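**Q** Protein sequences appear in the order of chains A and B.
Counted from 1, the first sequence has number 79 at position 79 by the UniProt record's numbering; the numbering is strictly sequential.
Counted from 1, the second sequence has number 42 at position 42 by the UniProt record's numbering; the numbering is strictly sequential.
Honestly, the hints are just simulated from the structure, not real lab data.
All figures in this text were calculated on a predicted structure; none of them were measured in a lab.
By construction, the Cβ of each residue, glycine as well, lies at the ideal position given by its N, Cα and C atoms.
It cannot be assumed that every hint is accurate.
Here are a few chain A residues that face chain B, going by a calculated C-beta distance under 8 angstroms [said to hold, decoys possible]:
{"no.": "1", "residue": "9"}
{"no.": "2", "residue": "10"}
{"no.": "3", "residue": "24"}
{"no.": "4", "residue": "31"}
{"no.": "5", "residue": "42"}
{"no.": "6", "residue": "202"}
{"no.": "7", "residue": "204"}
{"no.": "8", "residue": "309"}
There are 2 protein chains.
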Amino acid sequence: MAVYTAVDDLALTAFLHDYDIGDLLSAKGIAEGVENTNYVMMTTEGTYILTLYEQRVDAADLPFFLNLMNHCADKGIATPQPLPRKDGTLLGELCGRHAAIVTYLDGMATRKPKPLHCAELGRGLAAFHDATLDFGLRRPNALGVASWGPLFADSRDQADEVVPGLVALVDDELGVLNASWPTDLPQGVIHADLFPDNVFFIGDALSGLIDFYFACNDTLAYDLAICINAWCFEDDLAFNVTKARAMIQGYNAVRPLSAAERDALPLLCRGAALRFCLTRLHDWLRVPEDALVTPKDPRPYYERLRFHRSVSSATEYGL
Amino acid sequence: MAVYTAVDDLALTAFLHDYDIGDLLSAKGIAEGVENTNYVMMTTEGTYILTLYEQRVDAADLPFFLNLMNHCADKGIATPQPLPRKDGTLLGELCGRHAAIVTYLDGMATRKPKPLHCAELGRGLAAFHDATLDFGLRRPNALGVASWGPLFADSRDQADEVVPGLVALVDDELGVLNASWPTDLPQGVIHADLFPDNVFFIGDALSGLIDFYFACNDTLAYDLAICINAWCFEDDLAFNVTKARAMIQGYNAVRPLSAAERDALPLLCRGAALRFCLTRLHDWLRVPEDALVTPKDPRPYYERLRFHRSVSSATEYGL
Chain A
1 MAVYTAVDDL ALTAFLHDYD IGDLLSAKGI AEGVENTNYV MMTTEGTYIL
51 TLYEQRVDAA DLPFFLNLMN HCADKGIATP QPLPRKDGTL LGELCGRHAA
101 IVTYLDGMAT RKPKPLHCAE LGRGLAAFHD ATLDFGLRRP NALGVASWGP
151 LFADSRDQAD EVVPGLVALV DDELGVLNAS WPTDLPQGVI HADLFPDNVF
201 FIGDALSGLI DFYFACNDTL AYDLAICINA WCFEDDLAFN VTKARAMIQG
251 YNAVRPLSAA ERDALPLLCR GAALRFCLTR LHDWLRVPED ALVTPKDPRP
301 YYERLRFHRS VSSATEYGL
Chain B
1 MAVYTAVDDL ALTAFLHDYD IGDLLSAKGI AEGVENTNYV MMTTEGTYIL
51 TLYEQRVDAA DLPFFLNLMN HCADKGIATP QPLPRKDGTL LGELCGRHAA
101 IVTYLDGMAT RKPKPLHCAE LGRGLAAFHD ATLDFGLRRP NALGVASWGP
151 LFADSRDQAD EVVPGLVALV DDELGVLNAS WPTDLPQGVI HADLFPDNVF
201 FIGDALSGLI DFYFACNDTL AYDLAICINA WCFEDDLAFN VTKARAMIQG
251 YNAVRPLSAA ERDALPLLCR GAALRFCLTR LHDWLRVPED ALVTPKDPRP
301 YYERLRFHRS VSSATEYGL
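Using the sequences and the hints given, assemble the complete structure.
**A** This is the structure in structure tokens:
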């Protein structure tokens, strides 16, 4: 969480000349977003988020992310909507960075999601999935199942120092997942990072989905598995089946899961737990000296993985 | 610039129960304010700044700061106005910190002040001074003339390593200022830190004065001297007399300077340059290892001090 690039009044005023969104009133750098610099910006026309894309985001991916948000917002999904510049494009340049302006979404992330929030999230996720079905651009999942083996190879030597027994578990898990990962389930665009930080609520009602910078084409039900991992475990790592049931039922009410998707859910949950365990392990072992962001502990995802390995059918998730 | 304390939805919703400012819509931590944690907060009633006071601010001073802003805002000065709680007080507690909510001021700090901005600032500063004359609370200036000798004593051993010749210059300057500092000029509450970061403009018009956490009782014209130092030197350290003239004339148009104040201006400017040179030197020599804030270079204020020592009368400031 950091403001990597300082934007001043002169540069921002010039940048806004390319937009039809009124005159600048204020802009404040916010501590939101790990990869990019974000400002809350107010003009005589309204409130917006200004994002400057820092080096860690591949510029070639920006049209996918921005057009996806635009496509979904047009369909009534609560995603930020990029504002078009006068030339019709969605991307400009500010302070040497690619930059975009999107609508400001009211709402706040919730620190302690309740089952009602999980049900809302399930419905919102399914509506997002439905909305992406006719989205024309494609982006492969760079962190999909095929990446997990090579990703672990980079950290394998030190993995047991972080979590004793991790090497044996991951080696076994990679064998199972590489052999059994479903390839014939419905595909579409997934958010792929829909943690509670990235979902806004007003009271109990979902008001915003943000941070689409991991979005990609993949198995739709895998996105639900990511959310089960991210939302349905308590701080003490206990699985909360009431939340999972609420989330899955919410999802199912909007986009009914096929029998194959239901049957695959335990495996998809194992994959999702492994993916976050491995990326966190990778970052945990490579904290830059000048890090502005504290790396996340891989252990809670190791524990989730162990839980999902004990699950024999999707009924254990409340289905 | 940092968000030291993370505020979540549950704590903030509970905090707002003590206010009559509507229901929470959003709150985003902003990278503004060196000493405190600030959020832009939106409710169903409007947009506000939420401030959590961190350890570096003396809690005993908070009533002075908050009541001063309230007093000035009531008189139409463009200061943030603290929102009263239901019990009528201005200060609450949130996440273990003293916390207050103030009105949100539109406008942006300007990176390159023009003479028009300086004239606006002069008028705004004078109006602020006039507004404070009947303010009832008092706070001594902990960084006033009497503090400069002891402050320098703490850094004297290493001062010449930072700026060769600094010890001789400051020793001489302290002798002059301690002997000649005016004590009979008009007194009142001064802002004492009105750098361009702390002044908002919309276009060329002043729209906000913020960050009152150095405000104190002292010589009013000394506040103008601080602003001359902060606003009227270019990046190459050249003195811009056009800006100084605009600022002083703007001030004088609202609160006419007495002959004694005009005559004292060169000495007050020397004091202001010395004060910021010494506090910056102090911080420069004591950067904490985990510093989130880069210390400011004392050298530009050493150069300002040398400039003001060469000034023989206030006419050289454009008067």
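**Q** Okay, which hints does this one fail, numbers in order?
**A** 7, 8
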